[in-house]
Amino acid sequence: GQSLEQPSEVTAVEGAIVQINCTYQTSGFYGLSWYQQHDGGAPTFLSYNALDGLEETGRFSSFLSRSDSYGYLLLQELQMKDSASYFCAVRDRRSGYSTLTFGKGTMLLVSP
Amino acid sequence: GAVVSQHPSRVICKSGTSVKIECRSLDFQATTMFWYRQFPKKSLMLMATSNEGSKATYEQGVEKDKFLINHASLTLSTLTVTSAHPEDSSFYICSADPPGTNLGEAFFGQGTRLTVV
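Heads up: the protein sequence lines correspond to chains X and E, in order.
Under the working numbering, think of the first position of the first sequence as 383, with each following residue one higher.
Under the working numbering, think of the first position of the second sequence as 688, with each following residue one higher.
Excised from the complex, chain X in its bound form:
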């Protein structure tokens, strides 16, 4: 099975940098994804790491260390609109397809 651990809540101020960590245990690993979800909305894809290292997409970056079963999402120049829940997720290979298992989510609260 799969399990992912991430902090339940993180608070920060506008303009700051915040890091959301994720540790995982999987029976087979195909990469770590990150999703953002605003209250009442659908999750939106942010980033994906299949290999070790840093992936940068604008203000968001994601890092993976496969040997440590660890990754993080880095959000820079925080804006109020970044207040949302952030989920890390891993793939679970099934017969003929794969499914996503999500962490419990980290609620980010950005204050002025």
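I should point out that these hints are in silico values taken from the structure, not numbers from a laboratory.
None of these values were measured; they are calculated from a predicted model.
Some hints here could point you the wrong way.
To be verified - Under 8 Å between C-beta atoms, here's a sample of chain E residues computed to sit facing chain X:
1. F726
2. S730
3. V749
4. S770
5. E774
6. S777
7. P785
8. P786
9. N789
10. L790
11. G791
12. F795
13. G796
14. V803
15. V804
Even for Gly, the Cβ is constructed at its ideal location relative to N, Cα and C.
Fit chain E to the given chain X structure using the hints.
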């Protein structure tokens, strides 16, 4: 880009009635679609995998007779919540993986907020 459309976005129903939720892939064919349930401030929990032309695969603990899934075409999957009760009130959301996309990205419908009164 790939689009997954879900309808309705909100529904209120009386206890004991059934509700159908549709999930469509608008610009690609999806042999497999996924249904999740999310309670307030909780994670997305996979309920079942919908397979075109065959029976759905349900996750452990999900009642097959209560959550009926039909995937009659390559662009449409439906979830029917039968004999709904207040504890079924939740956010239901579907997803699909367009061919050729990387393993990290899933495409989600807009979600359906179900309230059973």
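Quick rundown of the hints versus the structure:
no., hint, result
1, F726, "11 Å, violated"
2, S730, "5 Å, holds"
3, V749, "13 Å, violated"
4, S770, "26 Å, violated"
5, E774, "20 Å, violated"
6, S777, "13 Å, violated"
7, P785, "12 Å, violated"
8, P786, "12 Å, violated"
9, N789, "6 Å, holds"
10, L790, "5 Å, holds"
11, G791, "3 Å, holds"
12, F795, "4 Å, holds"
13, G796, "6 Å, holds"
14, V803, "18 Å, violated"
15, V804, "19 Å, violated"
The structure is inconsistent with the numbered hints 1, 3, 4, 5, 6, 7, 8, 14, 15, although it conforms to all the rest.
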